[in-house]
Amino acid sequence: MLKLVRHSLLLGAAAFASPAQAQEPEKLDVIATFSILGDFARQVGGDRVEITTLVGPNGDAHAYEPRPADAAALANADVILVNGLYFEGFLERLVETSGTAAPVVELTKGVETIRAGEGGPSHGAEEAGHGQEETHEHAAEAGHDHGGEETHAAEASHATEAEEAHRHGDIDPHAFQSVANAKIYVKNIADAFCAADTQGCETFRANARAYTARLDALEAEVKAAVAEIPADKRVVITSHDAFGYFGHEYGIDFRAPEGVSTESEASAADVARLIEEIREEKASAVFVENVSNPRLIEQIASETGLTVGGSLYSDALSEPSGPAGAYLDLMRHNVRTLKGAILGS
Amino acid sequence: MEALYATLIAPFADFEFMRRALLGSLLISLSACPVGVFLMLRRMSLTGDAMAHAILPGAAAGFLLYGLEIVPMTLGGLVAGVVVALGAAAVSRTTVLKEDASLAAFYLISLALGVMIVSIRGSAVDLMHVLFGTVLALNDAALTLIGAITVVTLGCLFVFWRALVAECLDPLFLRSVSRLGPPVHFLFLGLVVLNLVGGFQALGTLLSVGLMMLPAASARFWTARVEPMCLAAVGFGMASSVAGLLLSFHLSLPSGPAIILSAGAIYLASLLFGPRGLPSRRVRGLKHRTA
Chain A
1 MLKLVRHSLL LGAAAFASPA QAQEPEKLDV IATFSILGDF ARQVGGDRVE
51 ITTLVGPNGD AHAYEPRPAD AAALANADVI LVNGLYFEGF LERLVETSGT
101 AAPVVELTKG VETIRAGEGG PSHGAEEAGH GQEETHEHAA EAGHDHGGEE
151 THAAEASHAT EAEEAHRHGD IDPHAFQSVA NAKIYVKNIA DAFCAADTQG
201 CETFRANARA YTARLDALEA EVKAAVAEIP ADKRVVITSH DAFGYFGHEY
251 GIDFRAPEGV STESEASAAD VARLIEEIRE EKASAVFVEN VSNPRLIEQI
301 ASETGLTVGG SLYSDALSEP SGPAGAYLDL MRHNVRTLKG AILGS
Chain L
1 MEALYATLIA PFADFEFMRR ALLGSLLISL SACPVGVFLM LRRMSLTGDA
51 MAHAILPGAA AGFLLYGLEI VPMTLGGLVA GVVVALGAAA VSRTTVLKED
101 ASLAAFYLIS LALGVMIVSI RGSAVDLMHV LFGTVLALND AALTLIGAIT
151 VVTLGCLFVF WRALVAECLD PLFLRSVSRL GPPVHFLFLG LVVLNLVGGF
201 QALGTLLSVG LMMLPAASAR FWTARVEPMC LAAVGFGMAS SVAGLLLSFH
251 LSLPSGPAII LSAGAIYLAS LLFGPRGLPS RRVRGLKHRT A
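Taken in sequence, the protein lines are chains A and L.
Position one of the first sequence corresponds to residue 1 (this note's numbering), numbered consecutively onward.
Position one of the second sequence corresponds to residue 1 (this note's numbering), numbered consecutively onward.
Quick caveat, the hints were computed from the structure, so don't treat them as lab data.
Hints are not guaranteed to be accurate.
Beyond 12 Å from chain A on every Cβ pair, some chain L residues (computed) [what the hints assert, rightly or not]:
(1) Leu-136
(2) Arg-179
(3) Phe-186
(4) Leu-246
A partial selection of chain A residues facing chain L, derived with a Cβ cut-off under 7 Å [stated by the list, open to error]:
(5) Asn-76
(6) Asp-78
(7) Ala-266
(8) Ser-267
(9) Ala-268
(10) Val-271
(11) Arg-295
(12) Glu-303
(13) Leu-306
What follows is a set of in silico ranges between Cβ atoms, one per label pair, in the way DEER data are often shown [unchecked claim]:
(14) L/Ser-252 with A/Pro-230: 41 to 49 Å
(15) L/Ser-178 with A/Glu-276: 55 to 63 Å
(16) A/Lys-282 with L/Thr-144: 28 to 36 Å
(17) L/Leu-108 with A/Lys-282: 48 to 56 Å
(18) L/Ala-105 with A/Ala-75: 34 to 42 Å
(19) A/Glu-65 with L/Leu-86: 28 to 36 Å
(20) A/Glu-65 with L/Leu-278: 41 to 49 Å
(21) L/Ala-239 with A/Arg-279: 24 to 32 Å
(22) A/Glu-319 with L/Thr-144: 26 to 34 Å
(23) L/Ala-269 with A/Glu-276: 29 to 37 Å
(24) L/Leu-65 with A/Pro-320: 16 to 24 Å
(25) A/Lys-223 with L/Ile-109: 35 to 43 Å
(26) L/Leu-64 with A/Thr-97: 50 to 58 Å
(27) A/Glu-276 with L/Ala-239: 22 to 30 Å
All values reported here derive from a predicted model rather than from experimental measurement.
Note that the Cβ used here is the ideal one computed from N, Cα and C, for glycine as well.
Kindly generate the complete structure, drawing on both the sequences and the hints.
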């Protein structure tokens, strides 16, 4: 009897609770592969989405080893946001094994890609051309593009492996380093969220518009700051080629001993050339990054009498309390650090 | 003459990082090559590779407690390496298990423990990337470390030379004339760990294991006596360091692999032309047949 009462009470409670819950929208489960994408997704999704970031703050997505929890998170996700261009070397197999049904959205879709080392001297042009050809072939074979925009499929091509693309000095995946591209990321995220949650679409679009306005302001700030740096001082050295898009967009020449992936090893010739460039006063500052070993850069700095100009945030945000806890802060921090070190030298 | 200078001397004269790389790799050749010879004679040539994995839990513990600081991570690695090496040696001396099997057991336990610790923290930074150095970026601290290791190693080799040779070649004899056997063996393992862990930190795994074993294996083809073998190994190690750095400089090759491939070339040459290499085998075989 008591049991029956309890049951009916529960049922009654459920009956009252369910309409209330229907009004409270079901949150979208969103996976972002690394912290910068997570920040974008939070800005666009607001409180209608639940975001899980695989590679956390200060983490290196090139060298990340996924855990079972990550595969489980992927399997339960509604939307998976990835950078694409083989930035996340670990991703393809992880998505396969997780058996997820969620759409995998490449946020670089629609971004005008540049080749690794473009604007910098680290990779030969002929070599890059060769790599380009090969990836075109792969793209034709693989052809698993997730959007309709076939025009960009060739550029945002699918080599069989990230490392292969890197080794060929092919496409630079660090597109988020230019604010113009960040706006494309945001648009892509809004599109993906709308497709998954039509009810929230209005909110997502509005959030995206508001955030894009802030990105516009940021871009103006960045351009103004770079304009204050004399044109002949705009060559700087970082530990791996992560700032190609930043340099391409805003006119600063970044050079690095390590190449695009943090996995590769420097040669004595590369290091010697960078030192020569500093000696000839072509390069005016050196920087370390939050995701890689600073020793090589420190050695170059001490040999040329430059002090390390500070730490740039390349492939990951800092802890929320740090100087680059969100994308806007990251860009501001990087520009401020660059300007300070170059003008100070 | 001019060209010779530009090829051989100028890279080192013009760039401090090249001088540091040269000094570092010459010092590690001086220290690690003789240790490699003893390792090889004891049939423990793969210890180096095992050790590269075995130090992970120590490095990870250092990272958990102090963050990305080189000194605690190196000390942690050293402790883990010593525990694994001495534990393996103790087990092999007191039970039926041979040295290779007990080393494999210990290093696998250690590696698994390390991966576990790293995963608990959930960091995506590759710890070993941070811990393992590169020969192109030897700062003062790294050079001091290598220098200290070289002094300690050469000092120990000098003092305990006879006991080491006896322990390596005829441990039963040493046991019959002296009680130094086990302590000398443990001391030797300590030297191995010291050279490897210090080498990992300063030069990276490939370079420090490679410079320890390849010259030793090459020297084995030239002589049967221990002293000349050690001297030859040191010579081979130094030659490959110089050749590798120059190749890396002129042909734009990554420096660690360039040095080790130079040592590999010396090994192949020794195999083909050394008096105890392939040809001697054939000649001896023929003689045997005719006799």
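task: Would you pick out the hints that fail for this structure and give their numbers low to high?
output: Result: hints 1, 4, 5, 6, 13, 14, 25, 26 break, sorted rising.
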